[in-house]
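Could you put the whole structure together from the sequences, leaning on the hints where they help?
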Amino acid sequence: MLDFKELSAVLYSAVLSDVMDDLGMMSQAMKPFIRPLDDGLVVMGRARTGLFAETYSVKEGDNPYLLEIALIDDLKPGEIVVMGCDGPSERIAPWGELLTTASRARGAVGCVTDGLVRDVRHIRQLGFPVFHGGIGPLDSKGRARMIEIDTPIDCAGVRVRSGDIVLGDVDGVVVVPAERADEVIERALAKVRSENNTRDELRNGKLLREVYEKYGVL
1 MLDFKELSAV LYSAVLSDVM DDLGMMSQAM KPFIRPLDDG LVVMGRARTG LFAETYSVKE
61 GDNPYLLEIA LIDDLKPGEI VVMGCDGPSE RIAPWGELLT TASRARGAVG CVTDGLVRDV
121 RHIRQLGFPV FHGGIGPLDS KGRARMIEID TPIDCAGVRV RSGDIVLGDV DGVVVVPAER
181 ADEVIERALA KVRSENNTRD ELRNGKLLRE VYEKYGVL
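Going by the working numbering, the sequence shown opens with residue 1, and the numbers climb by one from there.
Derived by calculation from the structure, the hints in this document are not laboratory data. This structure is a prediction, so every number in the text was calculated from the model and none was measured. The reader is advised that the hints may include incorrect statements.
[As the list claims (entries may be wrong)] Heads up, simulated DSSO-like pairs for lysine-lysine below, C-alpha to C-alpha not over 27 angstroms straight-line: (1) Lys191 to Lys5; (2) Lys191 to Lys214; (3) Lys191 to Lys59; (4) Lys76 to Lys59; (5) Lys76 to Lys141; (6) Lys206 to Lys191; (7) Lys191 to Lys31; (8) Lys5 to Lys76.
Given below as structure tokens:
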């Protein structure tokens, strides 16, 4: 079983992106408008997906949060909520403090959405990694609702399925397909070792050309 806490201390979005590029998976990094609420936090875990659609009213007696609640209450330790809102969106703000608190209590480790987030000060105080498509005060009620959970979604230009591996840091968010995870992570760890050797030799005065020829990383 993969130890995401340990791996996230070594791996980073750029090295995973490079490895997947080499393997022909060149569309696994989310669009650059996705940013962390806290630049210093890193998140890595398995995705749990939810798909949002815009709405413009709420019927009397209807609970627009039904699927959203079901997803959050079913979270397992080490999972990351990934919410697709067809963003960047100016109307859909699916994430805030209370969902953060509930997810954290279930053992989830982060959230990624191409929609808006709110309650930013409170989320930052909780130290919960959230990657977002914008910040705004809007409630999703009457503007959007979750229509599917645990189905393949598009989030900021990347197809994400529940069980895929997500890593987010200050450079961005990447998604590793679950069936390729072992191969990608093994290659990424090897690349990190080569980059560390490259860095050490450059610090010692070696020419970039010489070091690149030796290790093949840049």
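Run through the hints listed earlier and report the numbers of any the structure violates, in increasing order. Hint check: 3, 4 fail, others pass.
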